[in-house]
Amino acid sequence: MNVVVCVKLVPDPDSVGQLDATTHRLRRDLAEPVLDPGDEFGVEAGLRLVEAHGGEVRVVSMGPERALDAVRKALAMGAARGVLVTDDDLGGSDALTTAKVLAAAIGREPFDVVITATESTDGYTGIVPQALAELLDVPAVTFATGVVSDGTALTVTRQTESGSETILAGLPCVLSVTAGVNEPRYPSLRGIMGAKSKPMDRWTLADLGLGGVGGAGAGQTVVSVTTSEERRAGEVVTDDGDGAHRIVLLLARARVI
Amino acid sequence: MALGTVWVFAELSQDRAATGALELLTKARSLGAADVEAVCFGPGAGDAVAELGRHGATTVRLSTDPAFAELLLGGPAADTLAAAVAEHRPDLILFAATHTGRDVAGRLAAKLDVPVIANGLDIEAGEAITVTTAIFGATQVVRTEFGARRPALALFRPKSFPAAVAPGAVAPRVVEVPAVIRECHRRARVVDRSVEIAAGPKLEEAEVVVSGGRGIQNAGNFELLREVAELLHGAVGASRAVVDAGWVPYSLQVGQTGKTVKPAVYIACGISGAMQHTVGMRGAQKIVAINKDPQAPIFKLADLGIVGDALIVLRQLRDELRSRPG
Chain A
1 MNVVVCVKLV
11 PDPDSVGQLD
21 ATTHRLRRDL
31 AEPVLDPGDE
41 FGVEAGLRLV
51 EAHGGEVRVV
61 SMGPERALDA
71 VRKALAMGAA
81 RGVLVTDDDL
91 GGSDALTTAK
101 VLAAAIGREP
111 FDVVITATES
121 TDGYTGIVPQ
131 ALAELLDVPA
141 VTFATGVVSD
151 GTALTVTRQT
161 ESGSETILAG
171 LPCVLSVTAG
181 VNEPRYPSLR
191 GIMGAKSKPM
201 DRWTLADLGL
211 GGVGGAGAGQ
221 TVVSVTTSEE
231 RRAGEVVTDD
241 GDGAHRIVLL
251 LARARVI
Chain B
258 MALGTVWVFA
268 ELSQDRAATG
278 ALELLTKARS
288 LGAADVEAVC
298 FGPGAGDAVA
308 ELGRHGATTV
318 RLSTDPAFAE
328 LLLGGPAADT
338 LAAAVAEHRP
348 DLILFAATHT
358 GRDVAGRLAA
368 KLDVPVIANG
378 LDIEAGEAIT
388 VTTAIFGATQ
398 VVRTEFGARR
408 PALALFRPKS
418 FPAAVAPGAV
428 APRVVEVPAV
438 IRECHRRARV
448 VDRSVEIAAG
458 PKLEEAEVVV
468 SGGRGIQNAG
478 NFELLREVAE
488 LLHGAVGASR
498 AVVDAGWVPY
508 SLQVGQTGKT
518 VKPAVYIACG
528 ISGAMQHTVG
538 MRGAQKIVAI
548 NKDPQAPIFK
558 LADLGIVGDA
568 LIVLRQLRDE
578 LRSRPG
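For the record, the sequence lines run as chains A and B. So in the working numbering the end of the first sequence lands on 257, straight run, no missing numbers. So in the working numbering the end of the second sequence lands on 583, straight run, no missing numbers.
In short, the hints are calculated from the structure, not lab data. Take these hints with a grain of salt, some might be off.
As the list claims (entries may be wrong) - To give an idea of the chain A side of the interface with chain B (calculated C-beta under 7 Å), a few residues:
id, residue
1, GLU134
2, LEU168
3, GLU235
Stated by the list, open to error - A few chain B residues that don't get close to chain A, going by computed Cβ distances all over 12 Å:
id, residue
4, VAL431
5, GLU480
6, ASP576
What the hints assert, rightly or not - Pairs of lysine to any residue residues, derived as SDA-like cross-links and limited to a Cα-Cα distance of at most 20 Å, are as follows:
id, chain 1, residue 1, chain 2, residue 2
7, B, LYS416, A, THR160
8, B, LYS557, A, LEU250
9, B, LYS519, A, ALA254
10, A, LYS196, A, PRO64
11, B, LYS557, A, GLY234
12, B, LYS459, B, LYS519
Glycine included, each C-beta is placed from N, C-alpha and C at the ideal position.
If we strip away everything but chain A, and leave its shape as in the complex, we get (with noise of 0.2 Å):
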């Protein structure tokens, strides 16, 4: 089975975004950046599918040249190889500028599954998967809380905004992933020292043939970025056995009591 996984590196999520004044683009420099730990389970659910009726895990990512480090974690965690698409003028891309890039380079080889995040942890437009695989021309099941497969097929029990369906996917299709998928291997000291001498791709648009598809290519402007209104932090007390007569106090002043 060819199994390809999106990854992302994105501002470690922990800590609080922002955007430049001027440029109104993610100011990438204030956060470590990380792989998105959203995508280690998308790594995670391509690695059980290869180990269970072989091929391999070809990780795709687009992003600035430390994005490879993204890509090594996921060598590390069992990929078979990356590739990473990266360009000055990819700066300020939007979510179907990203798909348009993404299928370029997925699409050079053939696949029987893509596997991506649910959304990406700094942009969240969680748009991307489903434009991928419309790229693609295949279907895209989306918000999968669980995968198997007996190699031919997918079966996917997938999240719905009342409950939850059970979806029999032919292949090729796009697969995206929720958290709960399953629980994502570390990396190995091994799989860290191997990811090394794996090989590593980098593309530009041109090697992509894409051009003029970047930030300037973008169909819409930001015009503007302000602050909104904070909420003020009110009491905070630390609980001394009357955190509850407390909270009951605030009801009954909210008149819900």
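Given the coordinates of chain A, assemble chain B onto it according to the supplied hints.
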């Protein structure tokens, strides 16, 4: 440039128009568009027509093809919409930012090569179409203008707009849309579907929400939250972490990828306050937070913060509420 026709992609929820569609129609009426229409796909689409009309759709374009229920909706819906767009040329299509809304809008944007803005909170149409979004846990507000390509696609978070019946609405015109079902989409079939039915008030409508995160420790302890919520005639919510862990169903999730709630009182129990969560609850009138970690970001939003073990405080709260007269 005057705004031409606006479409609202109307999802069905148990054969009724989903609330999100009614919210979007209400907003669409205020944009000064030449016309407001709804598009609805599914075997039950006919049953939603009257409700869509009451909320301002002058035309409902629908397909009742059974494939829309038997297959994953995203691919066939995007293909069918794309064909209808080519014929009728709407300027703007509004979607609810639900799982299905994302599945359809994401594909349609790629198919038509038109811009799409996700996670919208507000929209204005003047010289340009401008969508407001909030980022970083709603601490910053971004306004984004669409370029000239049409149709522009935008997804809006639930509860961004109130749903209201249009005064003087007449029964809408109903137009059948030919379903476009390509062979590749027949490969992804729905083989089972289950609906979670929650007791008590709906999470989005409850006056009090008692929400749990990792600090609740395990699925079994959610029973305590249910007891407290029931005593307050409220609903139980959850952070994404515990939904992903499988402790509670997705329908309880509050936050960026879950529900937006604006209750009178929100009680966050063992929730650290990641941006993913706070974007869905910061509109509450009063916020109570209980967390062991005095540094937890949730305390920055809380009207009352209690540093302590959420389970101990909740047990005491349950007991005190039970002992109250009446």
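The hints, checked one at a time:
1. GLU134: Given a least distance of 4 Å, the restraint on GLU134 (chain A) holds.
2. LEU168: Since chain B brings a Cβ to about 5 Å from LEU168 (chain A), closer than 7 Å, the hint holds.
3. GLU235: It holds, given that the least Cβ distance between GLU235 (chain A) and chain B is near 6 Å, below 7 Å.
4. VAL431: holds (25 Å)
5. GLU480: holds (17 Å)
6. ASP576: Nearest chain A Cβ is 8 Å from ASP576 (chain B), so the label is violated.
7. B:LYS416 <-> A:THR160: holds (18 Å)
8. B:LYS557 <-> A:LEU250: holds (18 Å)
9. B:LYS519 <-> A:ALA254: holds (14 Å)
10. A:LYS196 <-> A:PRO64: holds (19 Å)
11. B:LYS557 <-> A:GLY234: Given that 20 Å is the threshold and the Cα spacing comes to 8 Å, the pair holds.
12. B:LYS459 <-> B:LYS519: Roughly 12 Å between the alpha carbons, so the hint for LYS459 (chain B) and LYS519 (chain B) holds.
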